[in-house]
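Asker: Top to bottom, those sequences are chains A, B, C, D and E. Note that the numbering used here has the first sequence beginning at 3, numbered continuously upward. Note that the numbering used here has the second sequence beginning at 3, numbered continuously upward. Note that the numbering used here has the third sequence beginning at 3, numbered continuously upward. Note that the numbering used here has the fourth sequence beginning at 3, numbered continuously upward. Note that the numbering used here has the fifth sequence beginning at 3, numbered continuously upward.
Honestly, I wouldn't trust all of these hints.
Put simply, identical chains are the same to the list, so a pair is met inside one copy or across any two.
Below, a list of computed lysine to aspartate or glutamate pairs in the EDC-like style, where the Cα atoms sit at most 16 Å apart [claimed, not checked]:
hint	residue 1	residue 2
1	Lys211	Glu265
2	Lys344	Glu284
3	Lys210	Glu284
4	Lys218	Glu261
5	Lys31	Glu189
6	Lys95	Asp258
7	Lys211	Glu192
8	Lys20	Glu43
9	Lys210	Asp188
10	Lys31	Glu53
11	Lys210	Asp272
Simulated from the structure, these hints should not be mistaken for lab results.
Here's the letter readout for the chains.
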Amino acid sequence: MDSENIQAGHAAEKNTGKRIEVVDYNAEKKRSYSVRSADPERIAALADIPENLVRWVNIDGKCESAVLQNLGKAFRIHPLIIRNISNHTQRAKIEEYQKYLHIVAKMIYYARGRLVVEHVNLILGPRYVITVGETEGDVFDEIRLRLQNKDSYVRAAGPDYLAYLLLDAIVEGYFDVLDVLDQKIDELEEQVMSVTSQDHLHAIRGIKKELLLVNKNIRPLRDVAAIIEKPAASLIQPSTQPYLRDIYNHIVQAIDSTETSRELLSGLTDLHMSNTSYKLNEIMKVLTIISTLFIPLTFIVGVYGMNFRYMPELEWKWGYGITWIVMIVISCCMVCFFKKKKWF
Amino acid sequence: MDSENIQAGHAAEKNTGKRIEVVDYNAEKKRSYSVRSADPERIAALADIPENLVRWVNIDGKCESAVLQNLGKAFRIHPLIIRNISNHTQRAKIEEYQKYLHIVAKMIYYARGRLVVEHVNLILGPRYVITVGETEGDVFDEIRLRLQNKDSYVRAAGPDYLAYLLLDAIVEGYFDVLDVLDQKIDELEEQVMSVTSQDHLHAIRGIKKELLLVNKNIRPLRDVAAIIEKPAASLIQPSTQPYLRDIYNHIVQAIDSTETSRELLSGLTDLHMSNTSYKLNEIMKVLTIISTLFIPLTFIVGVYGMNFRYMPELEWKWGYGITWIVMIVISCCMVCFFKKKKWF
Amino acid sequence: MDSENIQAGHAAEKNTGKRIEVVDYNAEKKRSYSVRSADPERIAALADIPENLVRWVNIDGKCESAVLQNLGKAFRIHPLIIRNISNHTQRAKIEEYQKYLHIVAKMIYYARGRLVVEHVNLILGPRYVITVGETEGDVFDEIRLRLQNKDSYVRAAGPDYLAYLLLDAIVEGYFDVLDVLDQKIDELEEQVMSVTSQDHLHAIRGIKKELLLVNKNIRPLRDVAAIIEKPAASLIQPSTQPYLRDIYNHIVQAIDSTETSRELLSGLTDLHMSNTSYKLNEIMKVLTIISTLFIPLTFIVGVYGMNFRYMPELEWKWGYGITWIVMIVISCCMVCFFKKKKWF
Amino acid sequence: MDSENIQAGHAAEKNTGKRIEVVDYNAEKKRSYSVRSADPERIAALADIPENLVRWVNIDGKCESAVLQNLGKAFRIHPLIIRNISNHTQRAKIEEYQKYLHIVAKMIYYARGRLVVEHVNLILGPRYVITVGETEGDVFDEIRLRLQNKDSYVRAAGPDYLAYLLLDAIVEGYFDVLDVLDQKIDELEEQVMSVTSQDHLHAIRGIKKELLLVNKNIRPLRDVAAIIEKPAASLIQPSTQPYLRDIYNHIVQAIDSTETSRELLSGLTDLHMSNTSYKLNEIMKVLTIISTLFIPLTFIVGVYGMNFRYMPELEWKWGYGITWIVMIVISCCMVCFFKKKKWF
Amino acid sequence: MDSENIQAGHAAEKNTGKRIEVVDYNAEKKRSYSVRSADPERIAALADIPENLVRWVNIDGKCESAVLQNLGKAFRIHPLIIRNISNHTQRAKIEEYQKYLHIVAKMIYYARGRLVVEHVNLILGPRYVITVGETEGDVFDEIRLRLQNKDSYVRAAGPDYLAYLLLDAIVEGYFDVLDVLDQKIDELEEQVMSVTSQDHLHAIRGIKKELLLVNKNIRPLRDVAAIIEKPAASLIQPSTQPYLRDIYNHIVQAIDSTETSRELLSGLTDLHMSNTSYKLNEIMKVLTIISTLFIPLTFIVGVYGMNFRYMPELEWKWGYGITWIVMIVISCCMVCFFKKKKWF
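Could you put the whole structure together from the sequences, leaning on the hints where they help?
Answerer: Here's what the structure looks like:
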């Protein structure tokens, strides 16, 4: 059976909305193949899962809406879900239906320096998992590899464990993004402390927007906790619950991390503003000190530029020299005074 | 029956408080007509809904209060609701009564550049929906069209689905408004970054007020969640619950969006203030540098303007030239010093 | 019976702690009279309510504490309540006791430009309502009129509806105060935008204190919701519940309104500070520009005030004229430079 | 029996950790005496309460820990409580144990201008109350007096009412402190508005620290509400519940009050900063106006100090006078211009 | 048996991932020994706990992962826990599993002036406690000593009490850190008030980051409350519950303390900024006053430096002297004026 894995590899390459990737597995065997999405009958047959097998159906979100509708009918998924799958402005969420669980998660990563948010739908049924992603999710490749390994736990476990693995792969990605953001903040902090530039404010604003975006897309996933606590959720086996709890912990950790980052970021604005105003004020202070030093001297030379007929000093032989000495003494006194006051 | 739709179109035009628009429908047939609001008996008869039909009664909120009272009596609606319908300062809310559900929602849209908030009442009973709007709600026109289509799901579903459609149309409108607000914030951000003007503060305050208004009118609708969770609400069929959950998600998304916008907006105030103070300070710095450059020079020329009898420099042939050279050297040194310190 | 209403009118006038106003009513008849508060036996008899009647007992809070104690004993009201009635620093609250409901509400209104908070106690029992106000509450006059009208709903309803009416009258008063506050904020906003004065800050602080006062006195009434939700509260008939829910909505609306006002107010502080600093900076900028324009010119005239023997320019015939031209050119260049930089 | 009260008075004086004060009472009789704390057997006997009596045991917290341990063993109190009693950094709290209730409250008052926080432990058992205070709590003297009065309600009520009285005495003390703080804020506000001094900031910070301290020690007592709502708490008789509810209301009121004070206080910082910067800016403005007035004049006199050979104005007879007139006109124009612009 | 304690002391020294420290105890006897971590069979045998004994297994977290996996298998611990043990980025948490309780706590302390966060795992089973720390936790040495003491309560109590002791030792460490932080803030406050230096901002930011780190690692432990309240948690004996409640109180106290510290710290930023700007402004004010004093004088001497032919004052004998007197008078007037206005 494992010989079919090569075919699966091919399928992964071609699968740009035209083919549906299917993986059937249980502890003993595994078969991966692809179905042409233009073939409604074969799609309808997908809901017919051979006994003792778990089926993972992975569709490219860019496929035609008819494909999704056929799939929805086959698996008896609520038409609203099918309609919403292609609506990428949907909020991340976890919703329970009677026979399946609908998860909308956002895959977040940096691509060419820009933050990209991808819409991933995941439907977990009694014996199947359907995933609909925006692009060919290479994040899931590791899970495909694990499924090939006969000894891996996922082969023995049910579809709920597969759903956990998929969700976990997405959540792990959040931490990569948060690490990049933390690093950006650290770098910016160093820059703010060394250079003063109005560009820092724009950089801060840019990071803040990214943080808001990440936070907004992670936060709704906290609802995963609600599903663990409801023992009635027969879709989740007790053995999988610790794993979901682990994901919940990761999500809370990620949210905490965004909060901490935001707090640090807002402190950075204050730091920048304080630094900027401090440095500007320092410059003004030095300039004003220079002016203040010369103004009394200018007054003195002005005095002896007066044209009064009777100004005895003007006639003195050492008048000019004494004036210079007086001016130097005054300057020194002022400099000492300023230094003593620690003005520079 | 469908031939009567033309009449309904007419009714919609004339219906400025004088006629009540009525639509009766089920999967097979649909009839839309209008009733003169001045005729109490015909209003009383409206509560008499033929079996297997769903009735949608749409009244203009500007009609006389007697009309509403008659209608209230006919449908046994609590007099308090009837009294509150014309009170446009009422908060948005969703309230359960034993036999019906009362929803007050606010339609929000931009008309001629100003944000308009309209008061819409919706009463969902076992087999009827009553809507009371402020103006002839063209937002509902799309729903009228859907009702004409025999194959549309609404024809087969109950009044709860119709109520969902009406509420959904209102909620969709929120996103249009939020998009406009987001765009306004983006535009303002660009302006704040390029030009410094005290007008920006007023613009920010204007947008903030609009955001507060939107937030205030959307927030109470979150209570829709409470109604989904109560299984006893026999008015809502299980098949309609996913739709209400969808509306709930949209409302939460809209509220989140206003929060994000507010945060961005408040950051904009800081950005504006920082920019303004930065630019003003920069100007002051340049001006002060100019002054500071000339003050020592003015002192020097002052020195040689003194009238001491014995000033050897004055007698030198190159005294004047040397003074100029000294002054130029001093200026250059100061400019270099300022440049080295990165003061300009 | 209605002939006694005149007497009631008299009673209302004289009733400054010396007389207790009593109104007995049901759908058919109504009797209003007053009891001398100095007569303990008649007070004790007040608890003896004729069958099928609802009794409203209204006491002036300034009466002697013995009167309240007698009344408390007669109606078997907990001594703590009686003790607290005259304690005007009590918080607004709604508390359930086994046989009655104790409501402390604060009547808030403007009197001679100052915000006045009045303490009102309301005890709702199985067949009676006792109100204790600080002053002769003219807010309740409208309710007295309604009770005279045989056809009004209150005559047919129980004491819980009367309590609703009284509470509603108090809550309505909040909106009048909030409207005044909103108007004050609007007026202040206009002033802040046109004039800069340090007085604005004090005005903002004044309004903020009023808002805090209003908010503090309204907020505890939110607990009214808790009473609606407890179905065991046999004192509240199901038919009165929608009315209480309406009051709850009003209270929440009033609280929301204070929150919005506070947010607008705090924005106003920023606006004021920004405007003040902006205008001051503008003045400084203009002054500095004037200084900066003259400083180079002063340097030039200083140059030709030097007394060097060999200064060729001084001998030129057009030296003086050329100097003027140079100075004018320099000034024009500087003005152009400043204008180009948009410095004024 | 009442003759023993004199002895109790003596005991109160000497009781600095060496004697344990005991009061036994019921509706008919009351006995107060003291036990030497060094006598373990007598302490052990304290737990043996004669039938129908309530026992109040009051120990000075500065006694040796062995005393507390003996007492704890006698009354079967959890060793953790005994250990914690002398730990004054313990948080205020209310904890239920199976057979008793442990309350840690903080007595807060001003002593010699400084805020003092005292640690009070209160253990309420089925028929006893144990209090352990830091100092000889004169706050409890009033309660001792009440216990002497045969007709006071406390004599007839159980130990829960005594506990209420003790807790109430502590909570009442909070309001005295809050009143002092409010007064301090009001005084500071007046000062901030009249004088600008950097000391205000330190004063604000001092009050803020006191507020934080008060808030921190009051807040945990809110848990008193949890105990009222649990009907299983057999230690609290239904008749005492309204009293506890009253305490809860007081605590909430005190917390609210600290919140309001903090908000006013933080507004005060803004007011101070704004005032300080405003006044400094005003001074700078006036100074700059003076400079700006003289700079053009200095330029003019500089012009006529030039030594050009051909300067026609210098030869004019009225040159000097005209120059003065021109300078005065220019000054007047500038002053008018500044006045028109409302710059001073 | 106690003779083996010496061996335990040795084990503690060598135990750097190569040996597992084991302590078996009950009220009568205690045995401590170490097991080579490279021996899987002996590890497997560890789960075989002799009846009536409590076993504490302490492993160094730096051991090979195989050791942990063997241990996990022996004690039937969920593989996810074993996997997470070496993941030091895990959040602090308390999680209940069916047969054991998994606690991740963070040991926080200062080492060489830097804040160190250590990851500690604690698994509490029916008759065992497993601890996995990052370093050889000397914090636990005191507990080892207590276990040697036959009379200590821990010997008689179950593993839940041992877990309490371990957790308590960690929580106590938090207060040491918080005390250091409080002291740092106090020192910084004094410095901010006396000296103005831009370094303060960096110091504030440093402390803030430490506070955020501490808060983040303490906060999740609040969940300890959830475990106390669930009576089903058979792992926790009722007699241990008060101890856990005590830990909960300590954790809440620690969190409160970080909140208070953060508030004080943020106030410190304001204080620093205000002080800095105040002092800079004061300097500028003095400098400007000096300039302003000399500018009118410079104007006067300029006047008499003019070369008009007809300037009567120049010819006066006392002209020069009078000019000096006038200038001194003007200076004095200005100084008086500034003093009167309290400008310096």
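Asker: Could you tell me which of the numbered hints above are not met by this structure, giving the numbers in increasing order?
Answerer: Numbers 3, 5 - these are the hints that the structure violates, sorted from lowest upward.
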